[in-house]
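Q: As a plain string of letters, each chain reads:
Number of protein chains: 2
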Amino acid sequence: MLPAEVVIKEVGPRDGLQNETQKVPTEIKLKLIEMLEASGLSYIEATSFVHPKWIPQLSDADELLKQLSGSAQYSALVPNIKGLERAAQTNLNEIAVFISASEVHNQKNLNKSVQQAMADIKHVIENSCDRYNIRAYISMVLGSPFGDKIELEQVKQLMTELYALGVYEISLGDTTGMADPSQVDEVLTELLTDFDASKIALHFHDTNGLALANIYVSLQHGISVFDTSVGGLGGCPYAEGASGNVATEDVVYLMDQLNITTGIDSGQLLKTADFITTTLNITPVSSQLRKYKGGSR
Amino acid sequence: MLPAEVVIKEVGPRDGLQNETQKVPTEIKLKLIEMLEASGLSYIEATSFVHPKWIPQLSDADELLKQLSGSAQYSALVPNIKGLERAAQTNLNEIAVFISASEVHNQKNLNKSVQQAMADIKHVIENSCDRYNIRAYISMVLGSPFGDKIELEQVKQLMTELYALGVYEISLGDTTGMADPSQVDEVLTELLTDFDASKIALHFHDTNGLALANIYVSLQHGISVFDTSVGGLGGCPYAEGASGNVATEDVVYLMDQLNITTGIDSGQLLKTADFITTTLNITPVSSQLRKYKGGSR
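Protein sequences, first through last, are from chains A and B.
Counting in the numbering used here, the first sequence runs from 1 upward without gaps.
Counting in the numbering used here, the second sequence runs from 1 upward without gaps.
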């Protein structure tokens, strides 16, 4: 029995654009977010307060958030107290914190241990004065490209700590698209003995073309929140031309086929995917956008 | 419990190349087939005896088959008695017959009714003097783009007749990639009450990025033979740039992840996919080929 309804959380403006090599003008980002809302996306992770030195593509976070005036739920990544201070200058009422299940990735990406990252998340949450709904990401849950083995017990421990800190939902990341449906089946079977499916989201990358298969298996386990990126924005940092985040339009197609409600208009969404990939001159990677751009012949 | 072993039947030289707009020289086809065999493909549908007026891309069928000298099992499509006569001039010991589950598609594609197509298949088989192993295709089993509803009872009827004629395996086609995993689950549940999984193959197109999800569900039902096309050759006749047959390299990746034996060397296979798409100047559509061509960055 699959869920009757699914929430799609759009992460293209953040996870997508932070991985594009070019810096996108703020007005293009605003236009993109406006079009996403017009397509029915009700949750948009708009940007990140990671230091501009690390992610210059999102250095306009403060300015962008001030100009957003739609009705979607916006969110932004907050890595530390500095980021929290920047968030406090905006109208945000939701933020996201993040940690990696891979010790190596945590060191490479955040320059700190998993333990230190959790301490920093705790520090951020304690200082957020109950002002925000807080979502958490755990990345590399389904495998690490750095060769270190991900222990499910470690993931469970992180989840327990994050929920105890008041996080309302945890997004489990297949950050480099290494997961296969059999593995997703096993991992979810294990995690859902301890945690509630309604407080878990899944975040798949489509590097190996398996994101939709993995999402289908997740649906079978009652997962009903998925992170996606319009146009598959973001690419894959490890191989040019390969896919990054699973494309919103491909996931919406799947949900439509399965008669699962998303509230998203696939026609408007394809126009949005076409707009941003054309504007940024990005080769279409999603199945739906390739069909759309190919047209009939 | 998934199968421990899967047979991948390569249809790129036939189903792939017949849908490419350019005519490929015989020596390129020979080189492709040689490389496929070196990659471990043990079954190759090499060409078709459909009249050259309809498929000029495969008009060199006779010449091609005469020059094949590898150890793979070769096969070719035989549409009618004329085709059977041509097949008899070669060393083939396996042929494939075909019919569509869609009345409209049958008329458009073969210019005859489903009933007439079955009568012609019967005529071919009766005249083949037990010289061949005979495989059958039923296309459009999981949906027709022409709007006509496919009745599962009709599919069952066709399967019963084909098995009665001595066909050893029936390949069920999702010819335009319309199937979703939930539908595959339902259809296989129904068909496998009447038929043996070991005598059924599945033939998915990846138009909507769901082929791997559909294959995964098929594996769960014990299906262990899949038709694929190296490099995703063939494209989609309805939308330029969209995917056609599911790519052999993507299916092999999935099987490797699931620890299912195929006997195929993925490295050699990627070289083969790279060779044919580069030679024909085709944009890579498969996830694995895009990764391979993108390289590390």
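What the hints contain is simulated information worked out from the structure, not anything from laboratory work.
Just so you know, not all the hints are guaranteed correct.
Same chains, same names: a pair is fine if it fits in one copy or spans any two.
Unchecked claim - With a straight-line Cα cutoff of 30 Å, these simulated DSSO-like cross-link-like pairs (lysine-lysine) come out:
| id | residue 1 | residue 2 |
| --- | --- | --- |
| 1 | K293 | K149 |
| 2 | K271 | K156 |
| 3 | K271 | K122 |
| 4 | K108 | K156 |
| 5 | K293 | K199 |
| 6 | K293 | K108 |
| 7 | K122 | K199 |
| 8 | K271 | K82 |
| 9 | K108 | K271 |
| 10 | K31 | K66 |
| 11 | K149 | K31 |
| 12 | K122 | K31 |
| 13 | K53 | K156 |
| 14 | K66 | K293 |
| 15 | K293 | K122 |
| 16 | K271 | K293 |
| 17 | K108 | K31 |
Q: Each of the hints needs a verdict: does it hold here or not?
A: Results for each hint:
1. With identical chains, the CA atoms of K293 and K149 are at most 30 Å apart between copies only, with a shortest distance of 28 Å across copies and 40 Å within one.
2. Taking the shortest alpha-carbon separations for K271 and K156, neither the intra-copy value of 40 Å nor the inter-copy value of 41 Å comes in at or below 30 Å.
3. With identical chains, the CA atoms of K271 and K122 are never at most 30 Å apart, being 41 Å at best within one copy and 49 Å at best between copies.
4. Taking the shortest alpha-carbon separations for K108 and K156, only the intra-copy value of 22 Å comes in at or below 30 Å, while the best inter-copy value is 56 Å.
5. Proximity of K293 and K199 under a CA criterion of 30 Å is satisfied in neither setting, with 37 Å inside one chain copy and 39 Å between copies.
6. Only between protomers do K293 and K108 lie at most 30 Å apart by alpha-carbon distance; the minimum there is 26 Å, versus 38 Å within a single protomer.
7. When the C-alpha separation of K122 and K199 is checked against a cutoff of 30 Å, the pair qualifies only within one copy, where the shortest distance is 19 Å, while the shortest distance between copies is 58 Å.
8. Proximity of K271 to K82 under the C-alpha cut-off of 30 Å is found in neither arrangement, the shortest distances being 37 Å within a copy and 49 Å between copies.
9. In the homo-oligomer, the alpha carbons of K108 and K271 never lie at most 30 Å apart, since the shortest distance is 37 Å inside one protomer and 32 Å across protomers.
10. For the homomeric pair K31 and K66, the shortest alpha-carbon distance inside one copy (14 Å) is at most 30 Å, but the shortest distance between copies (60 Å) is not.
11. Taking the shortest Cα distances, K149 and K31 never come within 30 Å of each other, neither inside one copy (41 Å) nor across copies (41 Å).
12. Within a single copy, K122 and K31 get their C-alpha atoms no closer than 35 Å, and across copies no closer than 61 Å, so neither meets the 30 Å cut-off.
13. In this homomeric assembly, K53 and K156 never come within 30 Å of each other (Cα to Cα): the closest approach is 32 Å inside a single copy and 63 Å across copies.
14. With identical chains, the CA atoms of K66 and K293 are never at most 30 Å apart, being 34 Å at best within one copy and 41 Å at best between copies.
15. Proximity of K293 and K122 under a CA criterion of 30 Å is satisfied in neither setting, with 46 Å inside one chain copy and 42 Å between copies.
16. In the homo-oligomer, the alpha carbons of K271 and K293 lie at most 30 Å apart both inside one protomer (10 Å) and across protomers (28 Å), since each shortest distance falls under that limit.
17. Neither within a single protomer nor between protomers do K108 and K31 lie at most 30 Å apart by alpha-carbon distance, with minima of 33 Å and 44 Å respectively.
The structure fails to meet hints 2, 3, 5, 8, 9, 11, 12, 13, 14, 15, 17 from the earlier list, while all remaining hints are met.
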